[in-house]
Structure formats: C-alpha cells, structure tokens
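J.: One-letter residues, chain by chain:
Protein chains: 2
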Amino acid sequence: MSLIVMKFGGTSVANGDRIKSVADRIIRQVEAGDKVIAVVSAMGKMTDDLVAIANQVTDNPPSREMDVLLSAGEQISMSILAMAIDAKGHVAKSFTGAQAGIITDGGYTKARIEQIDASRLKEALREGNIVIVAGFQGVTKEGDITTLGRGGSDTTAVAIAAAVGADVCEIYTDVDGVYTTDPRIDPKARKIDEISYEEMLELADSGAGVLQSRSVEFARNFGVVIHCRSAFSDEPGTLVKEVSDMESAVISGIAYDDSEAKVTLRGVPDQPGIAAMTFSKVSEIGANVDMIVQNKSENGLTDLSFTTPSKDLPKVTEILDAMVKDLGARSYVVDESIAKISLVGAGMKSHPGVAAKMFSVLAENQINISLISTSPIRISVIIDGEQKELAVNCLHTAFDLDSDSLFEETQLSSEELAAKAQKGR
Amino acid sequence: MSLIVMKFGGTSVANGDRIKSVADRIIRQVEAGDKVIAVVSAMGKMTDDLVAIANQVTDNPPSREMDVLLSAGEQISMSILAMAIDAKGHVAKSFTGAQAGIITDGGYTKARIEQIDASRLKEALREGNIVIVAGFQGVTKEGDITTLGRGGSDTTAVAIAAAVGADVCEIYTDVDGVYTTDPRIDPKARKIDEISYEEMLELADSGAGVLQSRSVEFARNFGVVIHCRSAFSDEPGTLVKEVSDMESAVISGIAYDDSEAKVTLRGVPDQPGIAAMTFSKVSEIGANVDMIVQNKSENGLTDLSFTTPSKDLPKVTEILDAMVKDLGARSYVVDESIAKISLVGAGMKSHPGVAAKMFSVLAENQINISLISTSPIRISVIIDGEQKELAVNCLHTAFDLDSDSLFEETQLSSEELAAKAQKGR
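Residue numbers (my numbering), protein chains in the order written: chain A, 2 to 426; chain B, 2 to 426.
Among the clues, some could well be false.
Which copy is meant is left open, because identical chains are indistinguishable; a pair holds if it fits in one copy or across any two.
Stated by the list, open to error - With a Cα cut of at most 25 Å, we get these calculated SDA-like pairs of lysine to any residue:
hint, residue 1, residue 2
1, Lys123, Asp106
2, Lys316, Asp118
3, Lys350, Gln116
4, Lys142, Glu128
Just so you know, these hints were derived from the structure itself, not from any lab.
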C-alpha cells in the first residue's frame with residue numbers, strides 16, 4: 002500500500018464529465034489498495050471568469066481581496082470532485098488551503114509556503130477518506146487567505162507530498178511526460194523515463210512547460226519523487242527524482258523558448274559599472290532579463306546584449322534612448338525574431354566536448370549563434386527564430402535522442418557510444 | 002458615531018454595477034462618521050450556478066461538500082465588494098464565516114450558530130477598515146465549513162450585530178420595509194414604522210416574506226434592533242425591536258399564505274390516539290403540517306383537517322388511502338385552492354373582540370371560514386383561495402390599517418377608537 006498525492010490541473014477538471022473521469026482515476030488507485038490525496042486546480046475557465054467579475058468593479062484590485070476571490074475557484078472544484086467520488090460510492094473530504102494547514106507568508110498573489118500542518122489530512126486519511134486539497138492556496142499565520150501564484154497547484158501537491166511523506170507525487174497533465182524535446186517541433190522526440198531534479202529545473206527554466214521550476218525545486222529540497230504523467234491514459238510518464246551522476250544521460254533533453262527578444266547596446270564605453278547601471282534601470286521598470294552577454298570590441302568600446310521576455314519589450318524600449326545617452330553608447334538594436342535553444346544533461350559535467358559538438362552541429366546546418374550562456378548542466382544559444390525547428394531537429398538527432406536511434410547506424414565517437422550505452426540502461 | 006451592521010442580499014449584489022452601488026451606500030455611512038460591518042449574500046444567480054455544476058456530477062451531493070461549494074458564493078461577492086470599496090478610495094477587508102469567527106454546530110446545510118469570536122472583526126474595525134463578512138456561512142469547532150440554510154445571511158448579520166454590540170442591524174432588501182399587508186394585494190397597505198419581535202415573528206411565520214423568522218428570533222434573544230429597509234433608497238424602513246405592550250397596535254399587519262393545501266379525513270372514529278397516529282404517519286414521510294383542527298361530529302365520528310405545504314402534498318396523498326383504512330375513516334378530501342389569512346397584533350392580547358370582529362367582517366363579505374387557529378397575538382383562518390384579495394382588503398380597511406384611514410370617518414366601536422388613538426401615537 003502506497004500513499005500517493007495526485008495533482009490534477011484546470012484542464013483535467015474543466016467540467017462535470019472530466020471531474021467524473023478524475024474521480025474514476027482516483028478510485029482505481031484506491032481500489033488497488035493505495036491511499037490518495039488529490040490536489041486540484043480551479044475548473045478550466047473559472048479563474049478567468051472570477052477575474053472578469055473583479056474587472057467589473059476595478060482595474061486594480063487589492064491583492065488581499067484578489068486572493069480571497071481566486072481561492073474560491075479551487076474551493077468549487079474540490080467540492081465537486083468530492084461529490085463525484087461520493088456519487089461513485091467512495092468517501093471523500095475536501096480541504097481548502099487553510100483547512101489543509103498550508104501556512105504561507107503574507108505575499109498575496111505569490112505567497113511562499115512556510116510550513117504545513119498536515120494533521121487534519123492525516124486524520125482524514127486514517128478515517129478512510131479520499132482526501133481532496135485545494136491547490137494554489139494557503140493561509141497566513143494571521144488567518145488571511147493567500148494564493149501561491151503561477152504553478153501554485155504543483156507546488157501545493159509537492160509540498161503536501163513532503164508533509165505527509167507520500168511515496169510519490171503524481172502530476173497529471175495533458176501531455177504524457179517530459180520529452181527529449183517538444184514533439185510538435187520534432188516528431189522523433191522521445192519520452193524520458195527518469196530525469197534528475199537539476200535537469201528538470203534547467204529544462205523548465207529553458208522553456209519546457211510541463212512542470213514549473215518552483216515545484217521541482219521544492220521536490221528537490223524535500224526529496225519528493227514527482228511522476229509527471231497523462232491525465233488521459235494509464236501509461237507511466239516521467240519520474241523526476243534524485244539520479245546519481247553514474248546514471249545520468251549526457252543529454253536529457255532539448256528545450257526551446259521563442260518568447261524572448263534580444264536587445265543589444267552597441268559601442269558602450271568599456272568601463273566598470275556599465276552593466277550594473279544598465280540592469281538596475283531595466284529592473285526598476287519591472288522588466289525581466291534572462292541572458293546577458295558582454296563582448297569586448299575594439300577602441301575600448303563594447304557590445305552589451307541581453308534577452309528579455311517579448312511582453313516586457315515595450316517597457317524596455319521606452320528607456321533605451323535615455324539609456325544609450327546615459328551610457329554614452331553609440332546605438333541600440335532590438336531583435337524580436339530570436340529563439341533560445343538549450344541542451345540540458347547532468348552527464349555533460351563529466352563529458353567534455355558537448356558544447357563543441359553542439360556548436361559544430363549548428364554550424365554544419367548554417368545556423369548562426371548570436372549569444373551563448375551555460376550552466377554546469379546546460380548550454381543555451383540564441384539563434385534566428387526561423388531556424389528554431391532546424392536547430393532542435395539536428396541537435397536531437399546528433400545527440401542521439403531520436404526515438405528509434407538505438408537501432409540506427411550513426412557516426413559516434415567512442416565517448417558518445419559509451420554515453421549512449423549508459424543511457425540505454 | 003455608531004457601529005452599524007448592514008446586510009445586503011443576493012439581488013443587491015447581483016452584478017458589478019449593483020455592487021458599486023452597495024459600496025457607495027456603505028461609504029456614505031462611513032463618511033457620515035459611522036463604523037460599518039457589511040454582511041453579503043452570494044451574487045444573484047451564483048448559488049444556482051454552483052448547484053448546477055454539482056448536478057453535473059451527482060443528484061445527491063453529500064451535505065458537507067455542498068456547504069464547501071455554496072460557501073464559495075459569498076467568498077466571491079465579499080471580495081468583489083471589498084475591491085469596489087477599495088476602488089472608491091476606502092479601505093476594506095473581507096472575512097469568510099470561518100475568518101469572522103462564526104462557530105456553528107455540525108448540521109451541514111442548516112447549521113446553527115453556537116458562538117461568535119468577533120476579535121478579528123473588532124481588530125479590523127479598529128484599524129479603520131470597512132469590514133465585509135460572508136453571510137450564510139460558518140465553521141465548526143473542528144474547522145469544517147457549514148452553511149446556515151434559508152435566511153442564513155440575515156441570521157449572520159443579526160448574530161454579528163449581537164457579537165460586536167452594534168447599534169443597529171440594517172437589513173437591505175428590495176422592499177422598503179414591513180407593510181401592514183402585501184401592497185401587491187392591497188394598494189392601501191401602509192409601511193409600519195416599528196414592530197415588535199413577536200409580531201414580526203408571527204407575520205413571518207404567516208407568510209410575510211420580508212424577514213426570516215430565524216433571524217428575528219435571534220434578534221429578540223439578543224436584543225438586536227433590526228432596521229429592515231430598501232437597498233434602493235435612503236428612506237427609513239421598519240424597525241423591529243422591543244415594543245412595550247402599552248405601545249402595541251391592536252393589529253399590526255395582515256399576512257396571507259396561499260402555498261398550502263387542506264386535507265380532511267371524514268368520519269374518523271372519535272377515539273383517543275387518532276390524531277397522534279395520523280400525524281406521526283405524516284411526519285414519518287417528511288411532510289410538514291401547519292394547522293390542525295378536529296371537529297366532533299354526530300355518531301361518535303369526527304372530521305380531522307390539517308394543512309400542509311402544497312409541495313408536500315404528493316407525499317401526503319400517497320399515504321391517504323392507507324390512512325383512511327387504518328383509521329377506519331369514511332373518506333378523505335383534498336382542497337388545494339385555499340388561502341390562510343392571518344391577523345397579527347400584540348395589542349390583541351389586551352383587546353378582546355378582535356376575533357369576533359374578524360369573523361363578522363369576513364361573513365359580511367360572504368367569505369366562508371373553513372379552519373381557524375390562534376396564538377396570543379395572531380388569528381389565522383383558512384378560506385377559499387379565490388377570496389384571498391377580498392379578505393385582505395376588507396380586513397385591512399376594517400382594522401384601520403389603510404394608509405390614509407386616520408382621516409376617514411369609519412364606524413368604530415369605542416374600543417376600536419381607543420386602540421386607534423393608541424396606535425396613532
């Protein structure tokens with residue numbers, strides 16, 4: 002008998018029929034002998050509907066009240082799920098974030114979980130209930146309702162799994178796991194059976210949308226095994242867990258992100274403090290910055306490039322003229338047609354040459370690299386957005402990620418062959 | 002400076018514009034120097050919408066989860082109202098039943114308030130907030146969400162008024178107060194300025210729909226003054242409060258109820274235990290009984306009549322054949338076209354002759370009475386449903402309730418004149 006946390010997102014509980022399917026899924030698990038805590042998001046468009054009501058009275062709702070409003074969404078879905086389970090002859094009890102003992106700080110709309118008092122949930126399990134918990138929400142020590150912000154329901158699920166000592170935290174989504182890359186971009190993309198927290202974090206940060214990095218961080222910190230799987234099939238998905246270096250694939254996956262724009266300040270005097278001045282101004286206007294690259298050029302001048310989410314670009318361009326003047330730069334260039342391609346793999350720590358191979362594969366395919374940034378287990382490059390698919394496809398094949406590649410004859414170095422054997426364990 | 006509880010029903014907060022009007026109303030009170038706790042129901046059709054979602058998954062939702070679901074309704078309206086107040090430049094904080102410290106028993110869907118810990122509300126008032134509280138809901142000592150059932154928001158308002166020692170509990174409705182009778186039935190109906198708890202209770206129980214008797218009982222028990230008034234005007238409405246006998250009008254109002262049916266069992270053997278047997282069977286099937294009258298007839302046989310809500314009639318008729326057989330009765334008759342007319346007035350305790358006058362007024366108007374029941378301050382008669390308006394109109398005039406009747410010449414006994422002078426204080 003296992004104790005399992007099962008998390009279902011808004012799409013999975015979008016209407017009565019889908020909620021009944023979720024109830025069936027949970028009941029199958031319980032009838033197999035397991036104990037289940039289900040964490041649910043608000044139903045489909047409910048959050049949008051609630052925001053629309055708020056917008057009838059204000060453009061700028063106070064965040065405390067916004068959290069009170071939005072948390073009603075999961076309160077609705079959780080009670081409906083409990084009813085659906087009851088209608089199928091099993092006993093269920095639903096709990097709001099506050100009732101579940103999810104204590105957060107007071108950061109309304111983006112609260113952080115500080116502690117979980119899971120005693121009520123444990124008691125409800127002991128009584129034989131299927132336990133349903135509202136995702137996305139908590140309560141301050143003072144008793145005020147909070148929400149956890151983007152990806153909050155995943156975080157709720159992982160945090161509860163940690164608090165009750167669950168064997169696994171299953172995250173049900175509309176895809177059947179984590180893939181070596183986006184199957185819509187590369188049909189040869191392969192589902193990954195197991196991936197380490199660090200790799201999953203790098204993939205999530207690099208644009209792979211399956212799991213929010215916040216919940217993965219939480220899982221890593223508390224050693225919670227995440228099983229990311231399909232809400233529409235019983236096939237196993239991807240396990241996110243501690244994977245020893247010995248087991249690590251050289252490359253686990255390729256992520257892309259075409260939601261950013263690149264800004265380059267040209268001819269900036271190469272003086273200390275220039276970067277600090279630039280990015281403090283950018284952060285003042287609330288824009289996010291992802292990659293930053295500074296290249297020394299001739300005459301003591303330098304080019305300073307950074308990428309920022311396209312949605313933040315209007316705010317950034319507003320201050321660029323003033324910035325060019327303040328910095329004594331020559332000009333600026335904005336490029337909105339870029340894509341970031343990231344190669345992620347814990348094995349690259351012990352396998353030198355991955356970056357070199359990546360660059361040469363891209364060069365062979367006439368793909369120009371404009372920015373490069375790396376972490377110990379990730380290499381990201383900025384390329385022309387129109388070459389996104391080509392880049393993903395050729396890298397996916399070159400790094401031996403294609404779904405049937407184990408049976409193909411390819412030109413691999415001995416090192417690559419070794420890595421492949423290891424990965425195929 | 003007064004401390005005022007203002008309660009707004011679902012119609013008053015049905016959409017964004019109405020919620021803004023409610024915000025204006027509250028703000029006017031605050032700008033006049035008062036402190037305000039507003040109690041709100043769920044928005045217009047929200048409760049129906051939530052029930053419809055539940056019905057997508059079950060015909061028989063467990064009551065605990067139904068309360069979780071429905072309580073989301075006020076959580077939405079209260080946060081939207083707080084936002085609307087914020088948008089108009091005032092500070093507001095909303096509280097669920099649980100946050101407001103409304104502790105109930107565990108009777109889901111019809112919980113009773115056991116105690117109120119108003120410390121958070123008082124603190125929020127001290128901090129200068131306009132306080133908004135979800136009506137209709139509470140929480141058990143164990144932390145489970147409950148709802149108070151029909152009229153629950155009024156009860157919340159009165160209970161909070163008692164707990165914080167408010168000067169008045171204002172109940173805002175779509176009518177501008179309590180009337181001597183339904184103005185739709187009798188255009189000469191007059192708004193009552195003040196009425197005692199007892200009279201209000203009798204009117205409510207007799208079919209006058211303005212206030213639920215439960216909240217009036219609560220107000221009486223805790224000495225809370227209720228001000229029942231219009232959500233759409235600033236005119237004063239009706240005060241429900243302790244009124245000394247000396248001040249009591251002979252007749253305060255006339256209520257009617259045409260939602261009942263009359264069942265008569267004919268030729269029942271007149272033996273002890275017959276009534277007990279009859280009504281234990283009726284209560285077994287969950288039907289309500291209002292009036293019961295037993296008349297001895299010839300030959301040791303008796304006629305036993307009772308009224309039951311028309312909605313319960315199908316259940317009752319199912320058992321009537323068996324009942325006739327078990328009781329050894331001759332037959333039964335069901336009359337669905339009846340109306341109950343009730344005369345209510347605390348003054349009738351000290352003014353004999355009211356019943357006699359009522360019966361003669363009805364007789365003069367060719368209105369036949371089929372059942373009579375009384376309380377110390379109420380006389381109710383069952384008549385033909387088609388004569389409902391006629392009965393209300395002629396009684397309203399005869400008992401001097403017409404809006405301009407103080408200036409009319411009418412045929413009054415000296416006793417009636419004395420009563421009228423007293424009422425005209």
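J.: Provide an ascending list of the numbers of those earlier hints which the structure does not satisfy.
T.: 2 and 3
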